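*Asks:* Please arrange chain B on chain A, whose structure you already have, making use of the hints.
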Amino acid sequence: MTLPIHERPTTALAEAIRSGEITSVGACETYLERIGTFDGDLNAYASVFAESARSAAQRADRALARGETFGSLHGVPIAVKDLVAIAGRPTLAGSRMRTNDPPALHDATALARLRAAGAILLGTLSMDEFAAGLVTEYTHQRPTCNPWARDRVAGGSSGGSAVAVAAGLASATVGSDTNGSIRVPASFCGIVGFKPTYGRIPMTGITPLSWSLDHVGPMTRTVGDAQLLYDVMRDGSAAPDARRRDVRDDLAGIRVGVLPSSALELCSPPVRAAYDEAIEAIAPLVRLLEIDETVLEWSRPASGVVTAAEAATYHFKDLQTRPHQFHAGIRSDLRAAALLPATAYIQAQRVRGEVRDGFARIFQDVDVVFVPTTPDTALKRDDPDGRSRLGHFTQPFSFAGIPAISLPLLLRTGGLPVGLTVAGPAFGDDTVLAVGRALEAIGLVKTLIPDLAVSRSATTTG
Amino acid sequence: MTASPHGPLHSPEPTLERLAHLMASTQGMPDADPEFPGVVASFVGHWSAVEAIHEIAIDPSRGPAPTYDPLA
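In order, the protein sequences belong to chains A and B.
Residue numbers for the first sequence, in the numbering used here: 1 to 462.
Residue numbers for the second sequence, in the numbering used here: 1001 to 1072.
Accuracy of the hints is not assured; some may be wrong.
As the list claims (entries may be wrong) - Quick list of simulated restraints, FRET-style, between CB atoms:
id : chain 1 : residue 1 : chain 2 : residue 2 : range
1  : A       : H140      : B       : P1064     : 50 to 58 Å
2  : B       : L1016     : A       : A273      : 35 to 43 Å
3  : A       : D382      : B       : P1034     : 19 to 27 Å
What the hints assert, rightly or not - According to the in silico footprint, chain B covers these stretches of chain A (three or more CB under 8 Å from chain B):
id : region
4  : 296 to 307
5  : 329 to 338
6  : 428 to 442
Simulated from the structure, these hints should not be mistaken for laboratory data.
No experiment lies behind these values; they were computed from the predicted model shown.
C-beta: ideal position from N, C-alpha, C; glycine also.
Bound-form chain B, shown alone:
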């Protein structure tokens, strides 16, 4: 397989690491940053939580709580 001309997100097999690279670069964090592998690893960890919460079935009409209020 060859790399997509459209960048990491359009690669044949987009991965979470590629997503992290792309998002990090938009925030001025270069791949050459020696801590980049650690940031990517942390992002992958966060993403497992993101996937877990998207697995939870919630009534589609229900939106986010705009603020937290124990009385609501």
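The shape of chain A in the complex, shown without the other chains:
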């Protein structure tokens, strides 16, 4: 059975456009129509560029008719987080403080590479202001809703990027991740979110939150889609990485690091059950080893200090001159962060060296590590409970700069999505992606499409 356009993986949609089965204009109109129908409730998009997207799609179709193909994403409609520079537009980063900024002169490098590969830009996606959150509620626009239950948060700060993929409002999206901002919303919305090794995708043209922690990465329906966008953003060619040797697409014999029970006590029952079932399912195929959780414990406070200090440094002038223009949800935290002494940042960076070495020791014994992406499923909106621990399992991997992908577990019992993180050593991006593909192949991981009419009425009546 042929899938509707909005349910097709990006790799399949790209192939359908290249083969002439569907046109880029047709794909573009499908997504624009769905945005018009559903985004009034979901608020995934900050801005929609309908006319420029249609024009670009027409150019793509005309080129194909002449026998020209721009690249591996020829004619595929995508969207990017609101902090990605787009030539000719101010980069708002979810803030009203940037409304009168001059337009960007160039696309961010990641976006330029996606467009050079033929991608069509549908618009920009909602986020917590300046990426300083994990919920996509700290926004001057309306909060972004979870498509599985609209009374729950989408996760953040790349919440719009996750919702657009989950709800079929773009074929794939780009997010950014400092402490979990790709992986947390991917987990809450039931999609794939990949944070590569630090620096693998250039940050040029991406508004920073914390320079030494910021990553940019793909948010997609399948692992194969994440690989495709990663390859394009990494070097623009979608050519295999030279490091991608000896990477197998199966699980046979790989060594998987798992958490001891004590490290999972903070998980909610649905997350704990889903994680345990996943480990049980792969146990006959792999070699399981418990890892030392110390690096996870050390990472959280140190990562928090580094993020706070770097973010406050970036915003220092505005915090002094116009603090009340920041969103109330992030203002006090940023102002307080500006008061941290240098000793705190230096000690946090010393801890970082220990964490990096700790992970290096772990990856001498295992090939990848499996952890729950978040301790809870999507949290209730306007409910502070659980927010302080959202980054518990995501911060260590961004703090160490190592690759981590959140994958949507296929739950036997239904319920809200649960993400499984697969992390690997520095520059083990292709291994992490290969293990993700293997988990898809055995049916452990799958992105489902939420019934948007049901999730809307559940909120209305509930």
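*Replies:* Below, chain B alone, put in the same frame as chain A:
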């Protein structure tokens, strides 16, 4: 007890709140700012992380990573 003549940091029982007040005032944030209590509360939250990382035993000869480099 009487307040120290030397200011908040030299009070008999210096507290984190006093530290936050002093540091905030040096950056032009007056105590009268209606958001000051929230900033102090956030600072106290940040400080719990600061205390936690100073509890971690690290070889004294080891300095901070000047930049992050996964290959280092």
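*Asks:* Evaluate each hint against the coordinates.
*Replies:* Going down the list of hints, with the structure as the test:
no.	hint	verdict
1	H140/A to P1064/B: 50 to 58 Å	violated, 36 Å
2	L1016/B to A273/A: 35 to 43 Å	holds, 40 Å
3	D382/A to P1034/B: 19 to 27 Å	holds, 22 Å
4	296 to 307	holds (count 6)
5	329 to 338	holds (count 7)
6	428 to 442	violated (count 0)
Comparing the model with each earlier hint shows violations of hints 1 and 6; every other hint is respected.
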